[in-house]
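S.K.: Now for the letters of each chain:
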Amino acid sequence: MNALQIKKGANKHSAYNLRPTFSDAVEQHTLAVLVDNEAGVLARVIGLFSGRGYNIDSLTVAEVDRSGHLSRITIVTRGTPQVIEQIKAQLGRIVPVHTVNDLTVEGPSVERELALIKVTSEGEKRVEALRLADIFRAKVVDSTLSSFVFELTGTPDKIDAFADLMRPIGLSEVARTGVAALRRGED
Amino acid sequence: MARQMTGAKMVVQALRDQGVDTVFGYPGGAVLPIYDEIFQQNDIQHILVRHEQAAIHAAEGYARSTGKPGVALVTSGPGATNAVTGLTDALLDSIPIIVLSGQVPTFMIGTDAFQEADTVGITRPCTKHNWLVKETSDLPQILHRAFHVATTGRPGPVLIDIPKDVQFATANYSDAPKKSSYRYNPPVKGDQDAITALVTALETAKKPIFYTGGGVINSGPAASQLLRELVEATGAPITSTLMGLGAYPASGDKWLGMLGMHGLYEANMAMHDCDLMICVGARFDDRITGRIDAFSPHSLKAHIDIDPSSINKIIHIDIPIVGDVAHVLEDMLRIWKARGRKMNREAVAKWWAQINEWQAVNCLNYKDDSKVIKPQYALQRLEALTKGMDRYVTTEVGQHQMWAAQYLNFEDPHRWMTSGGLGTMGYGFPASIGVQMAHRDALVINVAGEASWLMNMQEMGTAMQFNLPVKQFILNNERLGMVRQWQELLHGERYSQSWSQALPDFVKLAEAFGAKGIICSDPADLDDAIMDMIKHDGPVIFDCLVEKHENCFPMIPSGAAHNKMLMGDVSTKDAIKEGGAVLV
Chain E
1 MNALQIKKGA NKHSAYNLRP TFSDAVEQHT LAVLVDNEAG VLARVIGLFS
51 GRGYNIDSLT VAEVDRSGHL SRITIVTRGT PQVIEQIKAQ LGRIVPVHTV
101 NDLTVEGPSV ERELALIKVT SEGEKRVEAL RLADIFRAKV VDSTLSSFVF
151 ELTGTPDKID AFADLMRPIG LSEVARTGVA ALRRGED
Chain V
188 MARQMTGAKM VVQALRDQGV DTVFGYPGGA VLPIYDEIFQ QNDIQHILVR
238 HEQAAIHAAE GYARSTGKPG VALVTSGPGA TNAVTGLTDA LLDSIPIIVL
288 SGQVPTFMIG TDAFQEADTV GITRPCTKHN WLVKETSDLP QILHRAFHVA
338 TTGRPGPVLI DIPKDVQFAT ANYSDAPKKS SYRYNPPVKG DQDAITALVT
388 ALETAKKPIF YTGGGVINSG PAASQLLREL VEATGAPITS TLMGLGAYPA
438 SGDKWLGMLG MHGLYEANMA MHDCDLMICV GARFDDRITG RIDAFSPHSL
488 KAHIDIDPSS INKIIHIDIP IVGDVAHVLE DMLRIWKARG RKMNREAVAK
538 WWAQINEWQA VNCLNYKDDS KVIKPQYALQ RLEALTKGMD RYVTTEVGQH
588 QMWAAQYLNF EDPHRWMTSG GLGTMGYGFP ASIGVQMAHR DALVINVAGE
638 ASWLMNMQEM GTAMQFNLPV KQFILNNERL GMVRQWQELL HGERYSQSWS
688 QALPDFVKLA EAFGAKGIIC SDPADLDDAI MDMIKHDGPV IFDCLVEKHE
738 NCFPMIPSGA AHNKMLMGDV STKDAIKEGG AVLV
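Going down the list, the protein sequences come from chains E and V. Residue numbers for the first sequence follow the working numbering, beginning at 1 and rising by one. Residue numbers for the second sequence follow the working numbering, beginning at 188 and rising by one.
Just chain V, same shape as in the assembly (with noise of 0.2 Å):
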């Protein structure tokens, strides 16, 4: 039924339409239409962050952490391309969000005008699609097809540019078109051939491991129901990347722990033994294969994926499977029973032997000590005091983000939200927001540390005004830990510029918002503060003061095979080969 409105009311009502409760933003000249509208209305909640920046993590956050696209509303110009960093970040880890920029009246386009930027050109690489709306008549089906697009296939943002003018102006509003009425839709189903030939290999496998990613989150519930089952059905070990921690429950027994740079050892010797690897919604980042040439040499390799650029794109794939993850796995499981439930149990039992030696070295072993807090052990008593807590965690970017994901153990997806594939500091402390936003009584943790939160520390206002009781959980080691460990091992410890010089008392600061600060420095008293951070109701800055020096590992050096893996107790000396060294 045709309503006529104007566009900014078109935009709450779209929102409204597509079950959206909270849009993160800022505001600005070429967005008070809509804000106006905003004012005028209670279904939809708008948080104010502190830059635009924040606003985009918050969305991320709020989306990882439920499954539905999260909403972001900023200004032109500055306030577009303080979006961009957040941008880049959904993109690169496949989170769909919908940003709704304002802009120049159309008249004034092209004219440098005042907060004008090309905001669909600038954030054409970063945005799956971005459309600027000329007409009023066109932004509703726009907006309509902005989270369409944002949710169906590889999910991934979306920009709408949307003219001052174009917000004003009226025309009929119509509603969302039904999802099959659409040409974007990449097909769901797995062509059953392929999967056959995968179920063949995985019946005749010695050495199958299932290698994981965030895709099968993105998938939805059912995904991960279905790779439960497949896992605990065919006894075949498991392991994940970074973004698809949870999706498989680290208490299951088939379990390897995450895989990588800063895997566990387990996870990295099996697949570099492996004979068939079946990669689940993973990209085989660099983070991920280490020297390619030497990556898994004796495998065949399977690859389930949405998007079909993602395969062969690093690793010669044999069994290329292009289909959405939960589709795949229900028609990999059914044919697999159908067939007879067959697996090499004899040979897949010696393959646990063999990993069962590789979990006896103790990967994530470490040096203890009574008088200064090791940052592992923070993360493992963080572990502790939450385990069983309705808990979901967000991350920075460096060493701290390691060892959260080395230390702290998720049994769901949705629970885990970090920058993965971007590496954006300045993501977990406004990405705990959005969580915070999407679960108002659950626990919401951001592990950080101290260089990466001060990039995005503004949002303290944010966390007061909407009495969001965010804990920001700081591993304190005064140091860009993971620049400095880099530095140490590539760059003859000439630590050049990665001291967290002048940085300011967390408490203070905490109280300066009125919010509770906490600072521990003794491995004693770690217990009682971090259970002081959690029975607070009101956000906390925990001032953890770690272990300065301390290294991440295990370790892959760069351009070092999975086999070849550093860990705490050798030597580091020369271990990056020149080659290795121009890596990132």
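Chain E with its partners taken away, still in its complex shape (with noise of 0.2 Å):
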């Protein structure tokens, strides 16, 4: 077993080292998929994730380059190593599928979300939001007299946070698109 350091007998070492063993330890993984922009390509991806009983925490697609037809579905999912490991290869599988990266593992990434919350308040309470806002630098992109809307831009915890800060104020409504990621670094 030179080739691959393995120890002989050893039987608990992956020759990719993968992952050492199967751990019951349930993690959250970015996985980053670049698929042909045709007809039910994220069906057949959502389709992989329902059919096989894997979770879903954030989804997002657009396309990316409209002359080579390629679309960026980036997929926010959590499970063992094993179950990770699992969602790549069936991915990968998937005839419209060009690459899968995992940028949870493939070195530092950054990830963003774009989140437009409304905040129904009066009085002292619009006050407090917009210097909330201020916080965050949350953009207000609409205003009533008796709301806002903001649009943040930040980590999924940011938004989170700013969320479970708005509730006591007035949070009304919030829509996320999702997170997006990339790979830091030149290439």
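Just so you know, these hints were derived from the structure itself, not from any lab. Quick caveat: nothing in here was measured; it's all calculated off a predicted structure. No residue lacks a Cβ here, since even glycine has one placed at the ideal position from N, Cα and C. A portion of the hints provided could be inaccurate.
[Claimed, not checked] In silico DMTMM-like pairs for lysine to aspartate or glutamate, Cα to Cα no more than 25 Å straight-line:
id, chain 1, residue 1, chain 2, residue 2
1, V, K366, E, D36
2, V, K735, V, D709
3, V, K365, E, E38
4, V, K321, E, D102
5, V, K500, E, E27
6, V, K524, V, D380
7, V, K695, V, E734
8, V, K722, V, E598
9, V, K500, E, D102
10, V, K554, V, E544
11, V, K735, V, D714
12, V, K365, E, D36
13, V, K500, E, E106
[Said to hold, decoys possible] Some chain E residues close to chain V (C-beta under 8 Å, calculated; not the full set):
id, residue
14, R44
15, Q90
16, V95
17, A161
18, A163
Please assemble the complex out of the two chains, which come individually in their own frames, going by the hints.
M.R.: Spelled out as structure tokens, the structure:
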């Protein structure tokens, strides 16, 4: 077993060392999937998750290369390491899928989500809403005498935190895009 | 060179260009233009089935027995939905088939038109890939791509849904591009370091075993040849899944027989006790592994598979090798030879001594009877009387299928067609029709149970119309035998709905179709009756009345490990614990 430095008799070592053992710990992973932008491709991806009982925490999809007819699907999913590996392998098997990248394990990446958050309030609470929005660098994109719509970009955690703070102030509606993510660095 | 033609003509032209000689199908409103083109040519023969499900199974039988893709043609709506079982069957067993379905015209899609169904939506999870063709100009390249996708990588079924207006409209036809020009081309070469690691493990292994599956057969004749060479050269024992029978000859002296739930004792014991398991083109199905946490606890496991999702899906693999079986085995053999053909011969000899002890148990032994035909006896006689013939065997699903796998011997790949993954009752008869179409002069036998066989019995019409001398060898126990066996083991012998009541007189049924019917109930008459069946030049229904309550052994009870097999002569009472009872 020299080629892969596997000790003789060892049976808990993967040659590719994708994961040391079958662990039960559930992990969250962000997957970037590049697909041909053709009819039904999103249904194939979603059908895979529902058909095999995998979880989707968030999913975004849009065409990213018009001339090449390529769309990028960013999926945040969770599962044991074995399930995550299986999800990646199953995605890779879909015929119009070009590449599957696990941004969680392939080095540092940036993740951003955009949210539109409507807060309905009056008096002092309106002022507080604006103050908090300023701290979070949220923009006011619509306003009436009794409401604001804020636009906020950030990590999902940041958006969660903002929405939690707005709840007692009069949070009435939230629209989130889901996570878009890219690897850091030049490639 | 661009040629103007209608979409319907393109379909026939593309089939011709792809080397298709046979199409199994059933016409209907939405495919009439294609049928009109089929009418006006002679290169491609159309086999009219009596139900669309049978068209798909026949295409599967054709594909499995030839290694070429099978083709089926069905109409929209019910035609397409009837194809779903066959598509799922082909998906689970990795069989390359191309299904063409008609669709209502594009301008009527979404209006709940007559015989409209969302065919690509319905078949998305049961095909490897599918297409709805919206422009006639896209049709030729989609047709060519469909053949490429179905046959490349891990093979599987594909479906092309063609609206009727697309069939009528005219556009340029284009030829198939080179295979290498497609983006979809999964790698066939395995990682050399991983293959070397496997060879190194093999050189020192004390108790190695090859565990092979349908992937060897799908990889092509070279894979079977290389596997045989590797097994002979290393002297390691070999077992196979239901799907892989014939890749290594049953007469080979390294052959342990099939493994799994109804596999042979020696095969399962060797899998449990081995120290190096080399899985070649198999997928650790639950029928194979039994209880996962007790599966072969002391072995280093290597897995060669073209589909990365098969690796580490169920069982943790130490040496994963993604690649085509033939390519990987070739490299493996080359590296092993280059490193000096080393094996731990002494330890392997000891391993064989142990295996021989297991073999001496003679797990396929059964209590014979001079008055009643035992199903095992019937298959032993069928094997003996057809040995050496140009023989193909299909099966339905159930006890008879397992007995056929145990008692019939296969010397070559592509000779054994059975529904492994999906377990589709009704598969065998139409599959035998597909096989016979591909091998007109061969002896094609469908080993069936009476209940399975009734599920697609309408295909007698097809067999008669096209003079296909398929032999329907029905082991008739007037029971859903496997269901009854499980009810005996798990449900206090309460045989809920597992009788075949109101069975037809199979001889009269055969005669009603103009075929030959044979009935046999006495073991003393069996040989003559089987010879009658073989010699008859035409379809035969052989009604073999067998012991009604025979159980299929050996058996790994659900939820148990490989080394906890039930043999025919032990008490089966309470053999399956509560945890096992919820498994299927």
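S.K.: Take the C-alpha atoms of K735 of chain V and D709 of chain V, compute the straight-line distance between them, and say whether it is at most 25 Å.
M.R.: It holds: about 14 Å lies between the C-alpha atoms, which stays within 25 Å.
S.K.: Going by Cβ atoms only, is Q90 of chain E closer than 8 Å to chain V?
M.R.: 5 Å, holds
S.K.: Mind checking the alpha carbons of K365 of chain V and E38 of chain E for me, to see if they're no more than 25 Å apart?
M.R.: 22 Å, holds
S.K.: Given the hinted pair K365 of chain V and D36 of chain E, is their Cα-Cα distance within 25 Å?
M.R.: The hint holds at about 20 Å.
S.K.: Mind checking the alpha carbons of K500 of chain V and D102 of chain E for me, to see if they're no more than 25 Å apart?
M.R.: 18 Å, holds
S.K.: Close enough to count: is the Cβ of R44 of chain E nearer than 8 Å to one in chain V?
M.R.: 6 Å, holds
S.K.: Has the given pair, K722 of chain V with E598 of chain V, been kept, meaning a C-alpha gap of at most 25 Å?
M.R.: 22 Å, holds
S.K.: Straight-line Cα separation of K500 of chain V and E106 of chain E no greater than 25 Å?
M.R.: 22 Å, holds
S.K.: Please verify whether K500 of chain V and E27 of chain E have alpha carbons no more than 25 Å apart.
M.R.: Answer holds: K500 of chain V to E27 of chain E is near 17 Å, not above 25 Å.
S.K.: Going by Cβ atoms only, is A161 of chain E closer than 8 Å to chain V?
M.R.: 37 Å, violated
S.K.: Just to be careful, I want the Cα atoms of K735 of chain V and D714 of chain V compared with a cutoff of 25 Å; is the pair within it?
M.R.: 20 Å, holds
S.K.: Take a quick look at whether K695 of chain V and E734 of chain V sit within 25 Å of each other, Cα to Cα.
M.R.: 22 Å, holds
Of the numbered hints given earlier, the model fails hints 4, 17 and 18; all others are met.
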